[in-house]
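Whenever a hint applies, use it, and build me the whole structure from the sequences.
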Amino acid sequence: MSEPRNGDLIGSGWAFPGQITPGGSVRLVEGGEEIDGALRMILTTSPGERVMRPDFGCSMWEQVFAPVNASTLGLIEQSVREAVTRWEPRVEVEQVTAAPEGDGSMIAIDISYRVKATNDHRNLVYPFYVIPQEEPAP
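Following UniProt numbering, the numbering of the sequence shown begins with 1 at its first residue and continues without gaps.
Any given hint could turn out to be false.
Unchecked claim - With a straight-line Cα cutoff of 20 Å, these simulated SDA-like cross-link-like pairs (lysine to any residue) come out: (1) Lys116 / Asp36; (2) Lys116 / Gly18; (3) Lys116 / Thr85; (4) Lys116 / Glu92; (5) Lys116 / Arg81; (6) Lys116 / Ile42; (7) Lys116 / Ile20; (8) Lys116 / Glu30; (9) Lys116 / Glu88.
No wet-lab data here; the hints were simulated from the structure.
Here it is in structure tokens:
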């Protein structure tokens, strides 16, 4: 009996974002790449965007205009952890950290997780762009 492939344990699906192969078919992905795509889909969707599933997504988008401070970073970490835990049952979230980068207009969200079926430890860094606060005029 042969060993199961990673895709057999985790599943397969359309690439995200959607792609067409040179042969004209939809590109499929499996294993860790499929999970990464599913996580990105969760993170890029704001609750309320999907008509047939209005709860789907991550509420971190409520923080786009918030000042980049410890409170906002904590809210982003919490909303990412809750969304991934709720919408991606194939993984167990180990840690989520959010840290501002550069001029503060981008927050790097580092998600460390374990794939339950394979016990594979993985991470995904998601760039979350925010609107920085304007400096008050002198």
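Right, here's what the structure says about each hint:
1. Lys116 / Asp36: Holds: Lys116 and Asp36 sit about 14 Å apart, inside 20 Å.
2. Lys116 / Gly18: Violated: Lys116 and Gly18 sit about 26 Å apart, past 20 Å.
3. Lys116 / Thr85: Holds, at about 12 Å.
4. Lys116 / Glu92: Holds, at about 7 Å.
5. Lys116 / Arg81: Distance ~16 Å between Lys116 and Arg81 Cα, so the pair holds.
6. Lys116 / Ile42: Within the cut-off at roughly 18 Å; holds.
7. Lys116 / Ile20: violated, 30 Å
8. Lys116 / Glu30: holds, 15 Å
9. Lys116 / Glu88: Answer holds: Lys116 to Glu88 is near 11 Å, not above 20 Å.
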